[in-house]
Amino acid sequence: IAGITQAPTSQILAAGRRMTLRCTQDMRHNAMYWYRQDLGLGLRLIHYSNTAGTTGKGEVPDGYSVSRANTDDFPLTLASAVPSQTSVYFCASSDQAGSTDTQYFGPGTRLTVL
Amino acid sequence: AQRVTQPEKLLSVFKGAPVELKCNYSYSGSPELFWYVQYSRQRLQLLLRHISRESIKGFTADLNKGETSFHLKKPFAQEEDSAMYYCALKYSSASKIIFGSGTRLSIRP
Numbered sequence: 001i002a003g004i005t006q007a008p009t010s011q012i013l014a015a016g017r018r019m020t021l022r023c024t025q026d027m028r029h030n031a032m033y034w035y036r037q038d039l040g041l042g043l044r045l046i047h048y049s050n051t052a053g054t055t056g057k058g059e060v061p062d063g064y065s066v067s068r069a070n071t072d073d074f075p076l077t078l079a080s081a082v083p084s085q086t087s088v089y090f091c092a093s094s095d096q097a098g099s100t101d102t103q104y105f106g107p108g109t110r111l112t113v114l
Numbered sequence: 115a116q117r118v119t120q121p122e123k124l125l126s127v128f129k130g131a132p133v134e135l136k137c138n139y140s141y142s143g144s145p146e147l148f149w150y151v152q153y154s155r156q157r158l159q160l161l162l163r164h165i166s167r168e169s170i171k172g173f174t175a176d177l178n179k180g181e182t183s184f185h186l187k188k189p190f191a192q193e194e195d196s197a198m199y200y201c202a203l204k205y206s207s208a209s210k211i212i213f214g215s216g217t218r219l220s221i222r223p
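Protein chains in written order, with our numbering: chain A, 1 to 114; chain B, 115 to 223.
Any given hint could be a false lead.
Stated by the list, open to error - Computed list of lysine-lysine pairs in DSBU-like fashion (alpha-carbon distance at most 30 Å, straight line):
1. B:LYS123 with B:LYS179
2. B:LYS187 with A:LYS57
3. B:LYS129 with B:LYS171
4. B:LYS171 with B:LYS187
5. B:LYS136 with A:LYS57
6. B:LYS179 with A:LYS57
7. B:LYS129 with B:LYS187
8. A:LYS57 with B:LYS210
9. B:LYS171 with B:LYS123
10. B:LYS123 with B:LYS187
11. B:LYS179 with B:LYS210
12. B:LYS179 with B:LYS136
Said to hold, decoys possible - So, partial list: chain A residues that the calculated Cβ filter (under 8 Å) puts toward chain B:
13. GLN6
14. ASP26
15. GLY40
16. LEU41
17. GLY42
18. GLY63
19. TYR64
20. VAL88
21. PHE90
22. THR102
23. PHE105
24. GLY106
25. PRO107
26. LEU114
These are computed hints drawn from the structure, not numbers from a lab. Heads up, the beta-carbon is just placed ideally off N, CA and C, and yes, glycines get one too.
Looking at chain B on its own, in the form it has when it is part of the complex (with noise of 0.2 Å):
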């Protein structure tokens, strides 16, 4: 069965440091992944999605096959990166969307 598995509860991090958000999902399938960001009193949005091979804020997600993984990456945090970060796999084409269980990243001044 499809599934979508972020370790992490929390991670907080200091201003200027890298940032890794960890996701690793099952699917027998070719997968689509996204990542979904919620800021405080803000609806959630898509951040970025693995097709589109984007760079959004600063925040980079690579698809690797091998080790079923889609980790958020970014070199350098900013306090505005504080939010709730949610990792998703479309696993139907009727569009239908798994997510994690979450991952609240807070950044320390």
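Isolated chain A (complex conformation) (with noise of 0.2 Å):
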């Protein structure tokens, strides 16, 4: 069982470009969340979804975009990256029916746009 797991690893983007960070997980679990990792601010969330086909915005979903078509998968897209999104990208997952509320994350991407 892998978990969750985000492609790619890390990403030097031009701005401007479009970019989609992806996001899989197999644990059947209902709820994602995309948060972004900056020094000396933590943890932000973007976008959120508690079940398929429903997404919500977090603290910072400017210039981000989720869609949610089945339980497993939640991209992320940048529609038109600027150098303010340079950060750590962090997938999570929840098991809200179990209402454990433990949130599950993946290793991370890293992008960096110039």
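Quick one: dock chain against chain with the hints and give me the complex.
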């Protein structure tokens, strides 16, 4: 069982380019999340999805979009990347139905926008 | 608005010394609080949650509603405790969690 996987591991991107970060989980968790981790700011929620077919905005959603076509996948898209989106991005999932609220995190994607 | 504050960016203590990582929160509802840990080259993972009232790896944390705090404590630090620690608050029924800015704990031999 892989848990949560993210791809790519790291990426250098030119400003203005479109980029999709991939996230897949095999735990059949209904809730999934995207965070960005920045020094001194901790983790900030970008978008979340409580169940397949629904999404919601977190603390810092501007410049990002997500989709949740099925339970397993939750891609994050930067339509036109800007340098301020340089960060480490973490995907997470949780089993809300089990009410444990424990979030399980992926290994992260390090994104650099030049 | 809900907020989680970790006032210390870095905490350095000697092996065997007591450790206390501070966390304060602001939330008008009934809080659910967690501590997450990220060891070097590992994924962020749950350390403990206040509901469970458990001790994990010798760490404990007590929710103090009067002081709106959830400090993480360990009586005797070990070198393997060196990591980044995040305090987190669940603030809606959608299981949205807000994280503090993190404290890097460094244990000196």
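Here's how the hints hold up against the structure:
1. B:LYS123 with B:LYS179: holds (23 Å)
2. B:LYS187 with A:LYS57: Violated: B:LYS187 and A:LYS57 sit about 34 Å apart, past 30 Å.
3. B:LYS129 with B:LYS171: Cα-Cα ~15 Å, so holds.
4. B:LYS171 with B:LYS187: The given pair, whose Cα atoms are some 11 Å apart, holds under the 30 Å limit.
5. B:LYS136 with A:LYS57: holds (29 Å)
6. B:LYS179 with A:LYS57: Answer holds: B:LYS179 to A:LYS57 is near 29 Å, not above 30 Å.
7. B:LYS129 with B:LYS187: At roughly 14 Å apart (the allowed maximum being 30 Å), B:LYS187 and B:LYS129 satisfy the hint.
8. A:LYS57 with B:LYS210: Measuring from Cα to Cα gives roughly 10 Å; hence the hint holds.
9. B:LYS171 with B:LYS123: holds (22 Å)
10. B:LYS123 with B:LYS187: It holds: about 16 Å lies between the C-alpha atoms, which stays within 30 Å.
11. B:LYS179 with B:LYS210: With a Cα-Cα distance of about 20 Å, the restraint between B:LYS179 and B:LYS210 holds, given a limit of 30 Å.
12. B:LYS179 with B:LYS136: holds (14 Å)
13. GLN6: Because about 10 Å separates A:GLN6 from the closest Cβ in chain B, which is outside the 8 Å limit, the hint is violated.
14. ASP26: Result: violated, 15 Å to nearest chain B Cβ.
15. GLY40: holds (6 Å)
16. LEU41: holds (6 Å)
17. GLY42: With a closest approach of 4 Å, the A:GLY42 hint holds.
18. GLY63: With a closest approach of 19 Å, the A:GLY63 hint is violated.
19. TYR64: violated (16 Å)
20. VAL88: violated (10 Å)
21. PHE90: holds (7 Å)
22. THR102: It holds, given that the least Cβ distance between A:THR102 and chain B is near 5 Å, below 8 Å.
23. PHE105: Status holds, d = 4 Å.
24. GLY106: holds (7 Å)
25. PRO107: holds (6 Å)
26. LEU114: violated (26 Å)
Going through the hint list in order, the structure does not satisfy hints 2, 13, 14, 18, 19, 20, 26.
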